[in-house]
Structure formats: structure tokens, C-alpha cells
Amino acid sequence: MAAVEAEARVRAAFARQGFMRNLGARMVELSAGRCAIECAFRDDLTQHHGLFHAGVLTTLADNACGFAALSLMPEGAEVLSVEFKTSFLRPASGIAVVARGEVVKPGRTLSFCRADVFARDAGAKEVLVATMTATMMQAAPEPR
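Sequential numbering from 1 applies to the sequence shown in UniProt numbering.
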């Protein structure tokens with residue numbers, strides 16, 4: 001599939017995801033096997049210490065991996081997470097977080113991916129706050 005068509009298909013899938021809209025997340029980079037998703041700081045995305053909640057970081061990393069994998073899948077395929085492991089390296093504070101996902105090993109049915117999540121401060125300095133490894137599955141569309 002042409003790169004332009006694949007990008008349009010992945011961006012359309014991202015736009016249909018209501019949870020990403022609820023987070024205010026934006027897809028800021030997309031290429032074959034790579035995806036970056038950014039989310040600005042909001043009070044309603046924090047945990048009890050005022051830091052980005054771990055669930056936000058995990059969600060962004062999962063989606064960055066998933067859409068990176070989808071970018072390599074054929075037209076008509078859908079992507080689902082099979083499993084993932086997230087390691088939190090330090091507290092996530094700043095004005096935004098960005099998850100950068102990539103496909104490490106694409107497969108016919110399963111793709112192994114990884115993502116790094118960075119917190120960005122007002123000076124645009126980024127600090128690694130979490131990392132994820134994930135397995136994504138190519139699935140056939142199901143009726144809704």
C-alpha cells in the first residue's frame with residue numbers, strides 16, 4: 001500500500017478513537033512503523049501528587065505502539081493489543097508528555113513494538129519517564 005494511503009488510514013483510525021479525544025491527545029508524527037502521540041498537561045489527567053497519571057502514560061504508549069503497527073498492516077486490517085509491559089522510570093511532570101512508538105519486529109499476525117514516553121517542560125527539554133514493550137495483533141474487522 002502506498003505510504004500516503006497508509007498514513008490516511010491510520011490517521012482516520014486515530015480520529016475515530018474517542019478515548020484519545022477525551023485525553024486531548026494528538027498524533028504528532030507518523031511514518032511506516034513509527035508513531036508519536038502527544039498530550040498536554042491538564043489537572044484532570046493527574047494523580048494525587050499532581051503528576052501525569054500512570055494510566056495516561058500507558059494509554060499513550062499503547063496507542064503509539066498500536067498505530068505504529070497498523071501503519072505496516074494491509075488495508076482492511078485492524079490492530080489490537082495482545083499484551084504490554086510498562087516500566088515507569090521517574091515521575092512525569094511538565095507541560096506535556098509524548099509517547100514515541102515503533103515496530104521492532106513486524107509479523108504476519110503479531111508485531112513486537114516498543115515505546116518511550118517523555119515528559120516535556122516549558123523549555124522544550126524532554127526527560128524519559130516510561131518505556132513499554134508490547135505485542136500487537138493484526139485482526140479482521142468485526143461487525144459493530
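Among the hints, a few may not be true.
Quick list of the computed label-pair ranges, beta carbon to beta carbon [unchecked claim]:
#, residue 1, residue 2, range
1, Thr-133, Ala-8, 33 to 39 Å
2, Pro-91, Ser-31, 15 to 21 Å
3, Asp-43, Val-104, 33 to 39 Å
4, Thr-133, Ala-12, 23 to 29 Å
Below, a list of computed lysine to aspartate or glutamate pairs in the EDC-like style, where the Cα atoms sit at most 20 Å apart [stated by the list, open to error]:
#, residue 1, residue 2
5, Lys-85, Asp-116
6, Lys-105, Asp-116
7, Lys-105, Glu-83
8, Lys-105, Glu-142
9, Lys-125, Glu-29
10, Lys-125, Glu-38
11, Lys-85, Glu-102
It should be emphasised that the hints constitute simulated quantities derived from the structure, not laboratory data. C-beta atoms are modelled at their ideal positions from N, C-alpha and C, and glycine is treated no differently.
Verification of the hints:
no. : hint                          : in the structure
1   : Thr-133 to Ala-8: 33 to 39 Å  : 28 Å, violated
2   : Pro-91 to Ser-31: 15 to 21 Å  : 30 Å, violated
3   : Asp-43 to Val-104: 33 to 39 Å : 35 Å, holds
4   : Thr-133 to Ala-12: 23 to 29 Å : 27 Å, holds
5   : Lys-85 to Asp-116             : 12 Å, holds
6   : Lys-105 to Asp-116            : 16 Å, holds
7   : Lys-105 to Glu-83             : 15 Å, holds
8   : Lys-105 to Glu-142            : 25 Å, violated
9   : Lys-125 to Glu-29             : 18 Å, holds
10  : Lys-125 to Glu-38             : 14 Å, holds
11  : Lys-85 to Glu-102             : 15 Å, holds
Going down the numbered hints, you'll see the structure goes against 1, 2 and 8, while the others check out.
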